[in-house]
Amino acid sequence: SQTIHQWPATLVQPVGSPLSLECTVEGTSNPNLYWYRQAAGRGLQLLFYSVGIGQISSEVPQNLSASRPQDRQFILSSKKLLLSDSGFYLCAWSTWTRNTEAFFGQGTRLTVV
Amino acid sequence: AQTVTQSQPEMSVQEAETVTLSCTYDTSESDYYLFWYKQPPSRQMILVIRQEAYKQQNATENRFSVNFQKAAKSFSLKISDSQLGDAAMYFCAYRSDGYSGAGSYQLTFGKGTKLSVIP
Chain Y
1 SQTIHQWPAT LVQPVGSPLS LECTVEGTSN PNLYWYRQAA GRGLQLLFYS VGIGQISSEV
61 PQNLSASRPQ DRQFILSSKK LLLSDSGFYL CAWSTWTRNT EAFFGQGTRL TVV
Chain U
1001 AQTVTQSQPE MSVQEAETVT LSCTYDTSES DYYLFWYKQP PSRQMILVIR QEAYKQQNAT
1061 ENRFSVNFQK AAKSFSLKIS DSQLGDAAMY FCAYRSDGYS GAGSYQLTFG KGTKLSVIP
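Protein chains in written order, with my numbering: chain Y, 1 to 113; chain U, 1001 to 1119.
Pulled out of the complex, with its shape left as it was, chain U reads as follows (with noise of 0.2 Å):
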């Protein structure tokens, strides 16, 4: 079964500055697909950024970048100029690529960085 974690329970990062978010995962498949999602006080999830196994360039999504290191099976998450409004909870998530079985589109969640910013 697959696992992911997230050491960092907390993080806090001043307006403006960057800051990254750890994530490491344990599988045996090959392919596969990794997800950051944003959760606010309001609770709903939101996707943040995706990352395919297969692709080796980083995914980007405006000030959201992701260092995807294979090998090593991590998946960081990089906010740049960060806003009061990135304050949130932060989930790693791992999905298998579909190939096992309409069951393996399930996502297996880390518990999660709660990310405060400073003004």
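Bound conformation, chain Y alone (with noise of 0.2 Å):
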């Protein structure tokens, strides 16, 4: 069976720090990948997303950057965080099958301090 690890869970870190965030998928090849960004009050905002190895599509401008250096890894990353990066962010991915619908990781709860 297909399941999808990210971590951490919980990060607190300070205004201009780096980030990396992880995402991993097992039991499955070639899913497609995505980052979304849930702010409080508000639905999920999709970040990133990727078809392959490399392929990167940005949704929405911002301080953050996505990387997917083998198949089932995506990598969400900054240089320099802000405030306004704070929030829970999911990793998710799907097939390619028309029908399917997308499966969450648990979440990282980033606060910017």
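These aren't lab readings, by the way, just hints derived from the structure by calculation.
These figures come from a predicted structure and were not determined experimentally.
One or more of the hints may lead you astray.
[Said to hold, decoys possible] Simulated pairs of lysine-lysine, DSBU-like, Cα-Cα distance not exceeding 35 Å:
1. U:Lys-1111 <-> Y:Lys-79
2. U:Lys-1070 <-> U:Lys-1055
3. U:Lys-1073 <-> U:Lys-1055
4. U:Lys-1078 <-> U:Lys-1055
5. U:Lys-1078 <-> U:Lys-1114
6. Y:Lys-80 <-> U:Lys-1114
7. U:Lys-1111 <-> U:Lys-1073
8. Y:Lys-80 <-> U:Lys-1078
9. U:Lys-1114 <-> U:Lys-1055
If you follow the hints, you should be able to join the two separate chains into one complex; please do so.
This is the structure:
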């Protein structure tokens, strides 16, 4: 069966520090991968998606970047965090099957102080 | 671009009663998929139910069912025999059919409805 791992679960970082959140998927190959952010009182906002190694599409221009160095690994990064980067970050994956849903990791709560 | 609207920020229901959560969406596409996700306090997103737009029959999953009105672009979730474990944030989500390219597999979410279950 497929599983998705996301870490860390909680992170407190000072303003201006770098960020690296990692997500890996097991049990499937060539998944579509996604990074979403959930701000308080708002729905999930798509940040990045990837359809293959090295292929990253950005939905919202901001202080973050994403990379996919391996087929089932998706990394969210920042060189210098801002206070506005605080939030709950969710990684998700889906197959290429038309009627599939997205499967989510357990999320990372990031607090920038 | 597609948009999803959930007009009820919060709802409450008595245990064992029935509650309906509303969702409307805007799209120019004819084929697409709609989902209801549940997010309990643990923050894990869990799929509740899925509806394919080309199917006229409303989807059901045990105590959960939807009322899909394609012409009205409405997709409500009905929870019957509510249980304490149903208390969570519920998100309605839209997904294109995928024929537009790989990027169209992304989900567009509403802002969510917080459901409380009263014992």
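*So which of those numbered hints doesn't the model satisfy?*
Violated: hint 8 alone.
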